[in-house]
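> Sequence lines, in order, name chains X, U and G.
Quick note on our numbering: the first sequence kicks off at 1 and runs consecutively.
Quick note on our numbering: the second sequence kicks off at 1 and runs consecutively.
Quick note on our numbering: the third sequence kicks off at 1 and runs consecutively.
Think of the hints as simulated: they come from the structure by calculation, not from any bench.
Some hints could be false.
Claimed, not checked - Derived PhoX-like pairs: lysine-lysine, alpha-carbon spacing no greater than 20 Å straight-line:
#, chain 1, residue 1, chain 2, residue 2
1, G, LYS18, X, LYS191
2, U, LYS61, G, LYS323
3, U, LYS352, U, LYS138
4, U, LYS353, G, LYS323
To be verified - Among chain G residues calculated to face chain U with C-beta under 8 Å, some are:
#, residue
5, GLN233
6, ASP239
7, THR321
8, VAL322
9, LYS323
10, SER332
11, ALA333
12, LYS334
As the structure is a prediction and not an experimental result, all values here were calculated from the model.
For glycine and all other residues, C-beta sits at the position ideal for the given N, C-alpha and C.
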Amino acid sequence: MSSYTKSRQPANISAGVTQRNRLGEWVDRHSGTFFIAPCATLILIFAIFPTVYSIFFAVSRVRFTGDGLKFRYVGLRNFKKLFFGSSEVQFLGRTDPVSIFGYAIFIIIAVAVLVWLWRSGKYTTWVGMIGRTISAAMAIFLSWLLCASLLSGNAIGTLYTTLFYVIIGCTIQFVIGTGLAFLCSQPIYGKNFFRVVFFIPLMITPLGVGYAMRMLADVTKGPFEPLLAFLGLSDWIWSTDAWSARFVMMVGDSWQWIPFIFICMLAALENIPGDHVEAAQVDGASSPQIFREIIWPQVLPVAATVLLIRMIEAFKIVDLPNIMTGGGPGTATESMTLQSMFVWRANDMGSSAAIAYTLLILTVVVCASFFNYVVLGQVKRAGA
Amino acid sequence: MVLKKLSVLTLSVAAIGATAIPAFAQDFKGVTVDVLTRPGYVIAGPLAERGKDFEEMTGAKIVVTEVPFAEIFPKIQADWSTGTNSIDVGVFAAGWGVELDAAGLLEDLDPYIAADPKIDLDDIAPYFREFGQKVGGKTKLLMVDGDFQMVYYRTDVLSNNGLTPPKTWEDYLDVASKIHGQDMNGDGEADYGSCIFKKRNAQSYFAIQTFAAPIVQTQGTAQGFHFDNATMKPIVNNEGWKKAFELYKATGEFGPPEELNMDIGDTRALFKAGRCGLIVEWGDPGTLQLDDDATAIRGKMFAISAVGSKEVLDRATGELVPVSAASAPYAVDGINYAPFAAFGGWAGAVNKKADAKTKAAAYAFLSYMNQPAQSGIDVTIGATGYNPYRVSQLASTDLWVKAGMPQALADNYLGAINGAISNLNMASDMKIPGAQKYTSVVLDTELARYLAGEITVDEALANIEEGWEEVTEDFGRDEQIAAQGLALGN
Amino acid sequence: MQQIFESPAIGKMSPMAKILAYTLLGVWSFFVLFPIYWVVITSFKDATAVNQGPFYIPFIDFQPTLEAWRVQFTEDPYCTVSAIGRQLWLLVYNSAVFVVSPVVGLNPMEPQICKVYLAFTNSFVISIFSTGLCVLVGSMAAYALARMNYAPRFGNIMVFVLLLIGVIVATTYLGVPWWASSSAGLAIFFFLLRALRGYFKMSLRNNDILFWIISQRILPPIVVVIPIYVMFQAVGMLDTHLAIILLYSVANMPIVVWLMYDFFRNLPIELEESAQLDGATRLGIFWEIVLPLTRPGLAATTLLTLVLCWNEYLFAVFLATVKVQTMPIMVSAKNTGEKGILWWEMSAIISVMIIPVIIMAILLTRFISKGVLLGAVKG
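My request is simple: use the sequences and hints to build the entire structure.
Quick look at the structure:
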């Protein structure tokens, strides 16, 4: 249907064109709309509208009856239950008693955040200030929660379990992934082999990864049993202790996602012009110096972006905890998505939507903050 | 192993089946019946296999879909109440049917039964026929399996240690502590005193009710042990349930280290390997011990129909009082027993909104599964997960001995089940709307967190009370009071 | 210490550094490959080989058997060998029915009863169709954002959104059939467009739209799943393939747009300009010139989307009941059995589930090594 094999007038001559060409012209003029419309419409229907509709679920109690769903408006009761009521300990963790150490750290962090907020008031716009206030509020809330729960020796809830997977998990994955990428970017043989092999775990169905990790971590029948017996750990059941379960979960998650960091950082490292490095080597700089002064600044923008993308994905973790521990001993390894899914399974759609919405707010604020203050900062500095 | 049994099953079925339903011959050609149930060979396997025979006889195709246990009820409820109607037959706990029926989603099976000469309704034990299959006086479900939770013990281990089978839960702990760590299957490794499936989102919440029933229920089946029937206020935040929780957690000291992560599949693997001295289970161990891979325990696991309590709950004060004629009229020898009909039994219900021919085929299939000829064979095979519920299966030991059970075991096994069924203080599983939510969500979550040490027992009970009140309000307190009355036969 | 790691010459590594590098890389390769290896060989073990403790090497430590594979694929009475043939035919036939059914009212063949074959086919069909839809729609949007100065006026967008909401509410709540409400909405939209032309000068820029599309990725799927469930239920589309295909397309569209945007940006613009001078339409340019030029990028994006659709779990859990069970759902349903998890049988199924994606991953790395996907990350 190639139209330039027929002889046609150029598009901007309108006099004397036929009806059919008029339609074709009109389509062509509005081709932007036609190209984008399907995409935008689908996203509006299946992403934006449900997000808004979800608010109705979050403020109601929903029931299945003989002919469909019945909504009963209850205001913020679902959220109250989550933050102050019977789900509080599961969601936020235990927050009393707060130790002196906890109080001290919290005060330090809160002051630092407020100072930063105050300082930035001097050079940001109105809109920027609102954004920063939101980030600051979230930072203070999260740090209070951390100090009251973990740093005071209390148990943490699903909120911080999710953040644990995100922050600690992403950090470890980033360090290992970048390290691997750095090694692979050196002049060695078998680069392609390593590239292929290291990439595979990213594509494997998370469910399969979960089961594989479960099999491997089995203390009595798994392949590491001789090693564990040698270390005297043959009675250690990782799945009955909250922190070891979370740790094993993170290992599984890292196994799957380190390839992502690896691939992106490898591409970035390979894009560094070789002559910079060679010139530095000629000048007699040592390898750590080269890395710190030349390589690292150049990959920093990519690194920040990759970390952001990885964090966005990490907030959504659900398959692995579900399969590996079913939520862990008690509720220890439940991520927020998993908690929402379990609650949905109990046909309590109101609470499920409330948890999902809280996750959405958490994800958006944390990722947007990271994007604005870290990623954009790096990109600007690199002048990219 | 299973294959051999199944080929025997299929051959015998084919022989019987050829004469069983001549009236249905090829009546349902072109009809497909979609069945939804739990995964594994348990429950789903016989449905699929007999479904194939059913297809040969009548032309109807039986498709069995499996979903994780915790998803069975939500999926069926969502499917039927939203009008999606992908599922024609749901096979689930008899008690969960009440909520679906309240929404008008279950097909009334009485007309089909009246026209069915083969079902032999009177043979079904009265408890299952009246309480299990009927909702609001009409038959809405057909049982395929009858469920009680019982305690089993290793006769050889106990007699070697000079112990008698436990009568109360304190005895249970005592026995478990004395046999814990001994080698019970001759492989040189230390084995466990007590094995109970304590995993979350699995079957743990049934076991805790087995512990709580004899402490909290004293005045007969109609009293119940979950709610104050007049007001539907939960009677769960008191000394009685607290003691049950603490006893339940205490059994963990004498159990496998991974007990908190073990569901029924894992504990079954364990006791079949001969590694458990005491277990809390349904009727399956009676037949499972005859399997080829259970040679370590064959004929050695005897059942106790109920383990009771010497202290019971005084509902007026919320305190525990010793058993007496006033506090526990059904007590025997100073011990109050309340066998818990956990789960009520797997039963099949038909989607009211399916089309007529599909419903007829669905009923015919359920009837086929339920008939004495098929059911009588299925309940003797442990792997199927079907436990006896028909008088003909429970009255005489012939059927069981023929299936390979030693006479002594058959006597004990049937005696235990019959003892449980005929006990006037038998505790019923919940059969009101939201039953699944009350137990498998609220109770199960708080129990799991308590066992994992995340919360104290007082917090757990308070959370359960709050959660149950929330569910009651969701469904409407007055409706729940009425439903509870119907369920307990008041 | 530092001396032994210093490189002896430009572009070369010292022997010690090389040893260290190879060791670390080797160790990591072991970490990567071992779990996959373990899963595959477990599928060739029998019960005793699994339960008696770890055995590592087939033929030396334990005798491999095909028991697990046989049980999974043939023990179910309906999973016969001839069912494989039927399954392939069902795939072709149902895909054809799916395409022509709006025009010709054909009935799809009854789903395969054998669970494993059914799940595999569902995953296969859904992945292919949703990838096709996603890549098509996504690359069109990406091309528009990369090349055209698309500046929709804010007012038009508001009108569009409001009408969309109206259509959805009408279909979901008031039970209006979807074709009626959609046509009515469209008609009102065009009318209002003409009527309100001239008002609301403010418009969005390309970058805003791009940012908006890509930021959809931040949306946790759990937030949208329940309303989508209700919406599909209102139009009676629950447990159908079409519903899941649409949903998967939307879930993966941000990635496709993001990647394709970069590929289109990097194309030399001269070709398109000359084609435009020759009088070609936009669509013609897109279809005939641009797409073939970005074939490697297109292939990489397609493969990536295929894998993401194959692996998807959350949406399928909520929306699929019986007919549309995909492989991850079926695998998770096998979670409990009477004997505890039968690891050898689970491994057989998991192997079937992950082998296609491993193959796709290997294919994908060939594109990555050509630096094809790098541009996206930098941008």
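> Need the list of violated hint numbers for this structure, in ascending order.
none
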